[in-house]
Amino acid sequence: MILELSRIDTYYGTSHILQGVDLSVREGEVVALLGRNGVGKTTTLRSIMGLSPPRRGSVRFSGREITGRPPYEVARSGVAYVPDDLRIFPDLTTEENLEIARRLSPRKGYWNRDRVFDLFPKLRDLSGHRGMNLSGGEKKMLGIGRALMANPSLILLDEPSEGLAPLVVANLVEVLATIRGQGVTILLADQNLKFCRRVCNRGYILEKGAVRHSGGMEEIWADEEIIRKYLVL
Amino acid sequence: MMQSVVHTVLAGLSAGMFIWLVASGLTLIFGVLGVLNFAHGSFYMLGAYMCYTVLRYVGPDFWVALLIAPLSVCIIGYVVERWFLRYVYHLALPYQLLLTFAFVLIFDNLAKMVWGAGSVTPPDLSTLNGTVSILGRNFPVYNLFIIGVGPLVAAGLWLFLERTWYGRIIRAASSDREMAASIGVSVPALFTAVFVFGTWLGALGGGLAVPYVGLVTTGMGETIIIEAFIVAVIGGLGSLKGAFLGALVLGVLTAFGTRFFPAFDMFLTFILMAGVLLVRPQGLFGTAR
Chain A
1 MILELSRIDT YYGTSHILQG VDLSVREGEV VALLGRNGVG KTTTLRSIMG
51 LSPPRRGSVR FSGREITGRP PYEVARSGVA YVPDDLRIFP DLTTEENLEI
101 ARRLSPRKGY WNRDRVFDLF PKLRDLSGHR GMNLSGGEKK MLGIGRALMA
151 NPSLILLDEP SEGLAPLVVA NLVEVLATIR GQGVTILLAD QNLKFCRRVC
201 NRGYILEKGA VRHSGGMEEI WADEEIIRKY LVL
Chain B
1001 MMQSVVHTVL AGLSAGMFIW LVASGLTLIF GVLGVLNFAH GSFYMLGAYM
1051 CYTVLRYVGP DFWVALLIAP LSVCIIGYVV ERWFLRYVYH LALPYQLLLT
1101 FAFVLIFDNL AKMVWGAGSV TPPDLSTLNG TVSILGRNFP VYNLFIIGVG
1151 PLVAAGLWLF LERTWYGRII RAASSDREMA ASIGVSVPAL FTAVFVFGTW
1201 LGALGGGLAV PYVGLVTTGM GETIIIEAFI VAVIGGLGSL KGAFLGALVL
1251 GVLTAFGTRF FPAFDMFLTF ILMAGVLLVR PQGLFGTAR
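Sequence lines, in order, name chains A and B.
Those letters in the first sequence? Residues 1 to 233, per our numbering, in order.
Those letters in the second sequence? Residues 1001 to 1289, per our numbering, in order.
No lab work stands behind these hints: they were computed from the structure.
Quick reminder that beta carbons are idealized off the backbone N, C-alpha and C, glycines included.
Among the hints, a few may not be true.
[What the hints assert, rightly or not] Example chain B residues on the side facing chain A (calculated, C-beta under 7 angstroms, incomplete):
no., residue
1, L1161
2, E1162
3, T1164
4, G1167
5, R1168
6, A1181
7, V1185
[Unchecked claim] Chain A regions said to be covered by chain B (calculated; three or more residues, Cβ under 8 angstroms):
no., segment
8, 64-77
9, 82-92
One chain only, chain A, in its complex shape (with noise of 0.2 angstroms):
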């Protein structure tokens, strides 16, 4: 297992978002976390981070406890973040938003600026425009290109198919498939439950903070009672 949590309990001030959520990843696999909005995919991504950290409960990352360690100690030992709302920096280019993140990280490998640049053509061209001025789109390439550049061996992707037009999912789908063919594993959270079929393995269905379901995607897929009682608005 590279990632495992277990009954992770996790706060916000006082309410009691996560509540003993259990949940594990093996390498190179590409796994889902479903659920209505509200139920804690935010949070659970968040907390694996180290940016809202669990009160009780373990995170184990590559066979070494992670829980309470701050965020950059997480990101260095091979965990990269986007969040939903992508958050480039606004006052760098698309250039360094990339190469600060390659800098930051101790990690070598097969991602740097060019692969990048190749999995995202349109970054190439905007690699002088500062984040603050590209569209919805360039920057949730711009994220993920981030996130490759630290050469992480997990990704957590928050809403990755969230606003985007269907040609676009059709694209990120083939980019999260050429991004799993280099070794790196993939955990999001989505709402897309067609989008999460083509590219995850498997899934966990979260409800009122704790995981109420896990399956491979195809029986989540093929489950209509899972589906009309935790999924479907």
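Based on these hints, arrange chain B on the given structure of chain A.
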């Protein structure tokens, strides 16, 4: 008349540069850490006292004093950030103001205990102590030197922030602390470094002020911090460009006030601040929050 105006502008610019040196550290610390550091004027004062101490007990070489004094104050800045401020970042703004204000009082009293309640006078310095004739009237060389140092510090800061990777990391962290941490920036270490660097800027201002004012008092920190705050607010909190322009305008305006309307010199300053804030509540170069 022309001569008088030019000399007033020059005097205002040199006074403005001291405000800039304090405001630059204040602004940098606010921009990155989000803390309004009342004690920044104390670093200016301590820089002046340390400079005096080195001149007095090590030797009357101003450049040596200017090298040693600000660095010694940096140690104090380190202690303040690492062992005190760090514990109030997560608290509301009033707690941070209260803590830094406490440091103003502590440093004032410490300075009185160490150097006495009155003012101290540094030994006579031969450094840049001549005058040059400008439009037929003498102007101190040292004040011209100060007018040069301010823009030099501004240019250095700009190059550092825009053109080096440390500078880009600082800009990234000041716009999004959490995301910076998520790509591997040790935010606590960065905060300490920026605070110590800001301390150095303030203390450098204090050291440079020693030959300019000719005596060192505990009250000098309070006077300059009020002006630096006004400048930081006029320029837009967090904007170095705004702080630089604000300091020049404030320095020159105060000089004109003192020269031509002595009864109203502080009044002009606050009228300027009120005027700017009425038109642009976020300051000249600030972004609306």
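Hints versus structure:
no., hint, in the structure
1, L1161, "violated, 10 angstroms"
2, E1162, "violated, 10 angstroms"
3, T1164, "violated, 11 angstroms"
4, G1167, "violated, 10 angstroms"
5, R1168, "holds, 6 angstroms"
6, A1181, "holds, 4 angstroms"
7, V1185, "holds, 6 angstroms"
8, 64-77, "holds (count 5)"
9, 82-92, "holds (count 6)"
In summary, the structure is inconsistent with hints 1, 2, 3, 4 from the numbered list given earlier, while agreeing with the others.
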